[in-house]
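**Q** Here's the letter readout for the chains.
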Amino acid sequence: MTELLGKLYHNGFYATAAILFLTGFYIVLADNHLIKKVIGINVMESAVFLIFVATGYVEGGRAPILTAPPGPGGYINPVPSALILTGIVVSVSVTAFSLALVSRIYQHYGTVDVDELARRRGPEP
Amino acid sequence: MSTPLPALVGIVPAAGAVLAYGAGRRSGRLRNAAVFTTAAAAFALCCWLNSIVRRQGAAAYRISWALGEGLTFHVDAFGAQLALLVALVWLLVTAFSFRYVAHEHAPNRFYLMYLLTFSGCLGVFLAGDLFTLYLFFELMTFAAYPLVVHEESPEALEAGGFYLYLSVAGGLLILLGAFLLRHVLGTTAWMPAADRLQEAGVNPYLLFALLCAGFGVKAGMLPLHVWLPRAHPVAPSPASALLSGLMIKAGAYGIARSALVLLQSGDAVGQAVQTAYTAAVGHGVGTFLLWAGAATMLGGAIMAILAPEFKKVLAYSSVSQMGYIIFGLGGAAFLGSQGGVAFGAAWLHMINHALFKSTLFLVAGAVMQHTGKRRLSDLGGLARQLPLVFVAFLVAAGGLTGLPGFNGYVSKTLLHHAILEVAGHGGGAAALVLEKIFVFTSGLTVVYALRLLFQVFLGRSPQPRRAELLPVSQELALASLALLVAAIGVAPGPVLAGLILPAAKGLRFDPHALEHLTHLSVFTLHDLEGPLIALGIGAAVYLLAGRRPVGAAPPWLSVEELVYRPLVSLGRRTVDLARALELAEPASRAVAWAAGLAVLLRLRMARTALALPFYRAWLFLVTPGARRTSPEWSEVNIGFDLLLLAATLMVLLVGMFYLVRAVW
Amino acid sequence: MTSPVSHLGVLVVIVPLLAAYCAELPWQAWRRASLRLATVTAAAVFGFCVLLAAQVMQKGALLYAIGGRPAPWGIEFLIDPVAAYLLLGLSGIFFLVALFAEDELEAEIGEAGLPHFSALYLLLEAALLGLVATNDLFNTFVFLEISAIAAVGLVALKNDRLSIEAAYRYLILSTLGSGAFLFAIALLYAVTGHLNLEYLKQALAPALASYPLSVAAALAMLLLGLMVKAALYPLHIWLPDAHAAAPTPSSAILSGVVVEAYALVLLKLVLHLFPAPVAASSAWRLPVLWASTAAIFAGSLAAIREDDIKKMLAYSTVSQVGYLLLGVGLLSRSGLLGSLLHVLNHAVVKAMLFLAAGAIIRSTGRRRVSEWQGVGLQAPLPAAAFAVGALSMVGIPPLNGFISKWYLSLGALEARMPLYLWVVLLSSLLNAAYYIPVVVRCFLTPARAGLKAPSRPASATAPLLVLALATLLMGLFPSVQLGLVGRTVAAWAAR
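Protein chains in written order, with our numbering: chain F, 1 to 125; chain P, 1 to 664; chain X, 1 to 495.
Keep in mind the hints are simulated off the structure, nothing from the lab.
Hints should not be assumed to be uniformly reliable.
Stated by the list, open to error - Not everything, but these chain F residues come out facing chain X in the computed CB check (under 10 Å): (1) PHE21; (2) THR23; (3) VAL48; (4) THR55.
Stated by the list, open to error - Covered stretches of chain X (chain P as the covering partner; in silico rule of three or more C-beta atoms under 8 Å from a C-beta of chain P): (5) 286-293; (6) 477-488.
To be verified - Pairwise CB distance ranges, derived in the manner of DEER restraints: (7) LEU476(P) / LEU465(X): 39 to 47 Å; (8) ARG487(X) / ARG29(P): 52 to 60 Å; (9) ARG29(P) / LEU465(X): 44 to 52 Å; (10) ASN203(P) / HIS7(X): 58 to 66 Å; (11) ASN203(P) / GLY60(X): 44 to 52 Å; (12) SER479(X) / LEU476(P): 42 to 50 Å; (13) PRO4(P) / SER281(X): 48 to 56 Å; (14) SER64(P) / ALA276(X): 51 to 59 Å; (15) GLY110(F) / ALA276(X): 53 to 61 Å; (16) PRO380(X) / GLY536(P): 57 to 65 Å; (17) ALA494(X) / SER64(P): 24 to 32 Å; (18) PRO72(X) / ASN203(P): 53 to 61 Å; (19) PRO380(X) / LEU85(F): 50 to 58 Å.
Predicted model, so just to flag it, every value in this text is computed and none were measured.
Ideal placement from N, C-alpha and C gives every residue a C-beta, glycine not left out.
Could you put together the complete structure from these sequences and hints?
**A** The structure is reproduced here in structure tokens:
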């Protein structure tokens, strides 16, 4: 048991990412609130970012700035961090866009609740 | 010999179609001239091709850049002569058509499709492999469709639907056969393939079944004929003449090639040789074709007697006569290398039927043009009003019923010889049953011919004579066709020696059996018994039952009622059911229905707590807006969507699990 | 590296990207001109692609290191013959659709929407061409996201209830797919330390031995992500609404190019990247085959009962995606050829069908197929183009749809799975069941009393004519395409 907990501790990033990913995924699918779905997407993507950055992390490492001395573990791998910066930018734009869409939906229907939305639309011709 | 001539023959009418359409937008006369020139040019090219084939045995050409596979033309005597027949009849019908079409709407469209169909029809007989044949076959099918529905009446559209769907399905079966051949042989050329199929472990009967069903649709083979008696009568008469006279021959040609060429085994140079294996396959295939032909001829004749309209009688008669051709092909396949006479009979009947049936349809066209009526009960006494048409009818009916002196007599007598040969070569008692069916059907043919004679041409005329007379072009076309019918009937020798023999030599029949074909005199006392018996049966049946006007055929006789309607309604109901269960979307609910229910039962406790909010939110993402007609939801849907969701989560969870395991 | 010609590979992405920014300039007078800018840019990009294809034909595959930094540190574009072939086809369609949009679009979204359309359109073009050209996994992800945002924007342009809602749903599901895709990238990077496809491929073979489960999970996530984006059944749920609600030029691009590009990325990554035992494993092939079969039938069945023409075409796209991935699942030489040919064949045909449908709707005001009696006489050219496209979809020779089906069927036999031969042929019958009645109704039924068609300028008719001609020529001369893609496909199938 302690061994398992120890393993979990040492792989905390991955375990957290797994939990976050599923949480986000659940929110996207299960929540009735359109904005919360967007939040779910964000949570989910954070999980992926976490995993990605964690692959480049070195225990005790420092940021790879050449003028600064390396930490006890040397430098951490900068590539994942750089990539994730891009990923975050992408995620931000998707979020902004979906929020804009939600506000349009609100203009059209006066609600952002899925059930309410279906009720207000009524049957299609 | 390699010559681009076959490709040219196939393409000239298509090019002419475009030209004629362009010309037609300026003036009708210009268009007619273009159409006639095209038909004449195609005829001349076919004559030329024939002379080349006669001198050199075959003409071949390959266009390798087209369509990946390349188009292959290979014309032997069999194909070249059929192409010549097509071009000849097409030319005559074209001469007839101008006045007729002048009464119709959209003549430009008619002639565009008319010439495209011509192109397709010629190409089928010139193709050197199944792939090329399929291309032209489809061209023919689709170009003929606007001809069938030309009137744009609901009746025509319904008939056209039958025609189109059965033809498309038939075309796909041919394509399946082509894939099979291509996969086993690496080519789809018409060459003996039985031993290679055997090596590859492919059942030759499967190949034959695919091709026979595919071509059988076009040939009007029972029970695939249902489109024919609907589609042929509704088309304008010149088109019906071509559909019934020529186009269905493409089906018979395909069956002939598959049964008599593909299912042989070849020697090193691709020449067919008979082995025990192919003899056995030939027996099987031949027996099937004999019975299918007999059923088709008998069924078609019965329906022809019961049909209420002039052109419907002719269309059913086409079904019946195609039965004779299939019957002959069956005999040829059954007898193997001894099947020369049977093949000659089928082949001659293909020519004969093309001639007399197109004459009869043109007669029907002339009658329509003159009276505007199509039901037999509205017609009568036209013999005096249209004397030349009457004579043409008599000659063509003579050919149809097989009276001595007309062309049908020769081919039917040969067929009779063939069936007796089958009986002598292991056909046994079954062959004698077939012989009786054959004779009885000939009697029934007389019955419907008599009905036409009495109800259309004799008796009192119900309407006054119209002012319009037949123009010379139409009279000439009718007269030429009738002359050909009579000429073959009076002097069959040159036709047998000049046409049938070279065609049969291209296949693998025993020369001795072919020798027999040329020395055969069909005018012996014994052979003359045949038409007498048929006349006797026919007159008796006609006097007993045939004179009364008949209504529609009883439904239990109609294959359509028995097979197709239930099938179609089953199909519709399946789609409806799929719709009701939303099979099509958002996911295959029909399959998941039971599973979803099971999940529901297990989740009953948790449902209100978990499933309800979850479900609606999920539904929002997965269901198209237009389908979500109300916020109410059914339990079935919940079950299924939960299943889908669970599956997705499982995939993700497993992925995470693997990830954690791997990194540990 | 100094002459501008040597930078062609990256210009096809950069030029539309820059032009996209210019399209949004805020002056009133610029609104209409922005559409012209889109057309001109698309034409220029098409020109670049022609030059590029000529170069590739001459010298073989081109490798371009962006910023002069070679892999594995920099980002690489790799233009092999397959990529050149697709760049050529996709940019051609972009150009033609833009030409069509110049004339048709304003009626649908109003003048104010035009700059947005142009900007999103060019952004989409840049992203999709980049997707085809890039040789870097993370770069693929970025282009995927850009194209997703642009595509969703094109759906939302109409700004009515249905399209906004469809756009939202599209965006959320598409982002779910991207999440899965990014997850797969993280896994692959974790086990190999590379993002460049070539290096990744070499490093994956040893990594497979040490981390088989990670590689398998990456493959699963990759497939899941791309299947959502390519709308493979049953993950197609966002597609019919989004494609039907978008304005006509958007629908043509979404159905004709976007979905195909995603399917192509799937094909490229799975076959190129993963080592042979994984790529040939039936663990993913069988589900893909089943899903494709279900897509082919379900899409057709849904389309049969659909009366709204654009929705019918959208469902048809669902079933065509099934064909695209059927060949991938079969994994035989002819099957892959069929898939790869079908990418462009379907792109051309579906773009033409949507444009023709849009033109017919505009000139007759009828969106329901059941009201299309005699439309062929009122709008002869669009109806004729529609007929050509419909016959090609059914697989009538000698149109290009027949060629794809021919190779797919041969592929089924080569893979020793004759069942899928039946799938292809039976589905042709289903396709016929919904396409042919429309054609018949257009041309062979008496017309209803209705509007007289307005005469349309050449810019709207020319794209239809060119696409119809391409449909015919691609069917008649498939050897040109086969020559371009044949060798790559043989290399894939050999693995």
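**Q** Which of the numbered hints are not met once you compare them with the structure shown?
**A** Violated hints (numbers, rising): 2, 5, 9, 14; every other hint is consistent with the structure.
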